[in-house]
Amino acid sequence: MKIRAFDISVLTVPLVLVASACLAQDDFPSRPIDVITHASPGGGTDATARAMVAGAREALDVNMAVVPRTGGGGVVAMNYVNNRPRDGHTVLAITPTHLFAIARGQGPLAIEDLVAVARATDDPLVVMVRADSPVQSLGDLIELGRERSIKWGTTQIGGVDHVAGAILAQVAETQLSVVPFSGGGEIVTNLMGRSIDAAGLNLTEALDQIQRGDFRALAVMSENRLPVIPDVPTTVELGYDVVYSTVRGFLVLAGTPEDRIDILEAGMLEAMRQEGYQNYLAGAGLDPSGVAGREVWAAQLQRLYDDARQAMIDLGIIDPD
Amino acid sequence: MGLPALEYALPVFTDPLVIGLVILGTIAGVVVGALPGLSSSMAIALLLPFSLYLDPVPAIALLAALYCAGTFGGSITAILINAPGAPPAAATAFDGYPMAVKGEAGRALGISAIASSLGGIFSVVVLLFAAPFLARVAYSFGPPEYFALAVFGLSMLASISGEAPIKNLIGGCIGLLIATIGVDLTTGVERFTFSVPELYEGIHFIPVLIGLFAVTELLTQAQNLGQKRHSIRVSAVKLPSLADFRRIRSTILRSSGIGTFIGILPAEGGTMAAMIGYNEAKRWSDEPEKFGKGAIEGVAGPEAANNAATGGAMVPTLALGIPGSATAAVILGGLQVQGLRPGPYLFDEQPALLYGIFFAMLLSNALFLVVGLAGAKLFSRISLVPTTLLWPTVFALCFVGAYGLEQSLVDVWIMMIAGLAGYVLKRYGFSPAPIIMGLVLGSLVETSLAQSMIIFDQQWTGFLARPIALVFFALAAISILSGSIRALLGRVLSRSGGTA
Chain E
1 MKIRAFDISV
11 LTVPLVLVAS
21 ACLAQDDFPS
31 RPIDVITHAS
41 PGGGTDATAR
51 AMVAGAREAL
61 DVNMAVVPRT
71 GGGGVVAMNY
81 VNNRPRDGHT
91 VLAITPTHLF
101 AIARGQGPLA
111 IEDLVAVARA
121 TDDPLVVMVR
131 ADSPVQSLGD
141 LIELGRERSI
151 KWGTTQIGGV
161 DHVAGAILAQ
171 VAETQLSVVP
181 FSGGGEIVTN
191 LMGRSIDAAG
201 LNLTEALDQI
211 QRGDFRALAV
221 MSENRLPVIP
231 DVPTTVELGY
241 DVVYSTVRGF
251 LVLAGTPEDR
261 IDILEAGMLE
271 AMRQEGYQNY
281 LAGAGLDPSG
291 VAGREVWAAQ
301 LQRLYDDARQ
311 AMIDLGIIDP
321 D
Chain Z
1001 MGLPALEYAL
1011 PVFTDPLVIG
1021 LVILGTIAGV
1031 VVGALPGLSS
1041 SMAIALLLPF
1051 SLYLDPVPAI
1061 ALLAALYCAG
1071 TFGGSITAIL
1081 INAPGAPPAA
1091 ATAFDGYPMA
1101 VKGEAGRALG
1111 ISAIASSLGG
1121 IFSVVVLLFA
1131 APFLARVAYS
1141 FGPPEYFALA
1151 VFGLSMLASI
1161 SGEAPIKNLI
1171 GGCIGLLIAT
1181 IGVDLTTGVE
1191 RFTFSVPELY
1201 EGIHFIPVLI
1211 GLFAVTELLT
1221 QAQNLGQKRH
1231 SIRVSAVKLP
1241 SLADFRRIRS
1251 TILRSSGIGT
1261 FIGILPAEGG
1271 TMAAMIGYNE
1281 AKRWSDEPEK
1291 FGKGAIEGVA
1301 GPEAANNAAT
1311 GGAMVPTLAL
1321 GIPGSATAAV
1331 ILGGLQVQGL
1341 RPGPYLFDEQ
1351 PALLYGIFFA
1361 MLLSNALFLV
1371 VGLAGAKLFS
1381 RISLVPTTLL
1391 WPTVFALCFV
1401 GAYGLEQSLV
1411 DVWIMMIAGL
1421 AGYVLKRYGF
1431 SPAPIIMGLV
1441 LGSLVETSLA
1451 QSMIIFDQQW
1461 TGFLARPIAL
1471 VFFALAAISI
1481 LSGSIRALLG
1491 RVLSRSGGTA
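Chains E and Z supply the protein sequences, listed in that same order. Under this note's numbering, the first residue of the first sequence is numbered 1, with each subsequent residue one higher. Under this note's numbering, the first residue of the second sequence is numbered 1001, with each subsequent residue one higher.
The following block holds chain E by itself, in its conformation from the complex (with noise of 0.2 Å):
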């Protein structure tokens, strides 16, 4: 029955196209653009969709929507897009989770189908422990893991901070037990309560605990420092080339029209460097550096995508073909 439902909606995608293309030759926007999240309302992503949308909807000139697809890490909402026409009125909001499930062969789409548009956001994952705790540096971190394994809190299997953590393990010859949590506020929570003695978290999740003094940041994985804790070495500084990242952007499938993309991009830009988003980055504790055009979030989309995917053959998640 479920299968019945599908295919009427595949039968009807040719006629959307078909019509669609007549409609909009040369006038773009030319209908309402949605912005297809994977997540659910309130969280990171949305909220960061939700910002840029906010500004777009002038910068574009045109009506704009957050169109949460939830479930299956992104899947979901991978396979909506792919049945949307390849236009540029539909474009997904995609974050290291949706790389981490094309990696892994689930959903429709391979990398080649992503078009970068614009990067919203960079938030490295920074290693963290609680400041009561004898651990003073990555080192010590290390060292510990060497006694007894390391409890490392993360999101969820196979997502961007338990590659993360458990990619530092490998590299750096320690142990670790990957304790998976539903978000990273549950994190905060358990790192605080002592039940877990590290965890690789976004700078926003933890900025407070950081600043307050609950908890002590060991390591930055990225290659720059970050400006907010400029006394931070990062990972590749201390001689472990692991950098991980909480990315987000927006993107459109291969097959978009380009000039339609370049109005994009020059509107989502535009969007995102007004007040109001800049608002949104700094109370979210995030950097305005991350916000960047379509060839630096391209670039970064392959990397983290063969990161990605070299991480978890390295883990065994995933077979090497």
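Quick caveat, the hints were computed from the structure, so don't treat them as lab data. Please note that the accuracy of each hint is not assured.
What the hints assert, rightly or not - Some chain E residues near chain Z, calculated using beta-carbon distances under 8 Å:
1. G158
2. A172
3. V188
4. Q274
5. G276
6. R309
No experiment lies behind these values; they were computed from the predicted model shown. Note that CB positions come from ideal geometry on N, CA and C, so glycine has one too.
The hints should help you fit chain Z onto chain E, whose structure is shown.
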């Protein structure tokens, strides 16, 4: 937090814009809450972009009012048509709907309104005076404590409704089994998903709720259509009488405490609060056998608890920046969109904001009592609508509600399957209450146990070092064994009485 500094509080309390928005938010919240499938968290998420055009205080006041009123609104449809408007109202239907069938819809609505309002006000007062201290409670609840809490919740499973403990246990197991669908959090293994991506994150609660309550009721009604219908009497709307209020006041007080506490726990919100509020109302009742058949404590218990959870949930949200419930998470998003960072500094930096939220929630809790009582007269007339018109309309609403949640047809199928299954189970004397309970607690009990075992390096003895968990385990043991202990004591006493 100390006493409200009047210099900050007064301008907020007398701002006509804030008052106007709170009234608006309250009315909208009651309506949105009452419609199955439209949740207050969804409404708040939709309002977020518009709230950007307001100053932080009025914006958050609007969202907070929606949250409080939406939680109450869910009980209206739970009572009138056995279709809880929101998950936290599920437990309200257990006794609220039987009351409506008996022609006591007005009385049930009145009790729901007063219990919700008092529970909400209790929790807001706690929020204002104790937020920073209570927020620390959140930290002492790790996976082992959640596991023990969930076990305690499940310990009432057999006795939650009716006189058939075996059927309740079977129902509870069905709920637990449904909760296993989806990707297992601790192993990443897909279970019973049949490659349907919509099932990766588990079965959504709302479609099951709509199916199990509304669709099941619809099918039951359809079966009775040919027969002579017992005419549903609509009694004059009864505001809680003094006698009623005396009967429920201890329930309200107990549930307010339970709700506030569970609300403070970051992972749990109104649904679990209402379940435990209902359990405890039954456990402490002199007439537990009346539960499930229209006991007024069975309405007051969950309603006071789920509204108390709203204030409780705001405690960690504001004081720690960790949302205490799904809706609180959206409000947290709202604060961030305004450029505010919730956390201990928020109150020092933005005292006006705290009083704004406090005032909005207090006013909203008082207002929906008025809206609820005034509306009860109007709402309870639903019972006068002929069955042949009412239930097809409800059926259409079921579809809208199940689909509207995530615009997913899979959810519509889940709703219909749950409805059919619920109908069959009902015919064989099963109650939906233990199924709902198993579903609510199932993933928590499993995930928290798995997390605990990783933390304890797979050693059970780890639990012995967690005093809070041990207390809940002890309570669960007492709860399960109380029947046998009472029987044993009775036998021993009567024997010693006989020989003396």
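Item checked: Agreement of hint Q274 of chain E with chain Z interface, Cβ distance less than 8 Å -> Check failed: Cβ of Q274 of chain E comes no nearer than 11 Å to chain Z, outside 8 Å.
Next item on the list: Return the status of the interface hint for G158 of chain E: holds when the least beta-carbon distance to chain Z is below 8 Å, violated otherwise.
Entry: Holds. Min distance 5 Å.
Next item on the list: Tell me if A172 of chain E is really an interface residue toward chain Z, meaning its C-beta lies closer than 8 Å to one of theirs.
Entry: violated (20 Å)
Check: Is the hint on R309 of chain E kept, meaning its closest Cβ partner in chain Z is under 8 Å away?
Finding: R309 of chain E check fails; min Cβ-Cβ to chain Z is 16 Å, beyond 8 Å.
Checklist line | Per-residue hint verdict: V188 of chain E, partner chain Z, C-beta under 8 Å | finding: Nearest chain Z Cβ about 6 Å off; hint holds.
Note to self: Checking hints one by one. Is G276 of chain E an interface residue toward chain Z, by the C-beta closer than 8 Å rule?
What the structure shows: This hint holds: G276 of chain E lies near chain Z, its Cβ roughly 6 Å from the closest one there, short of 8 Å.
When the structure is compared with the earlier hints, violations turn up for hints 2, 4, 6 and for no others.
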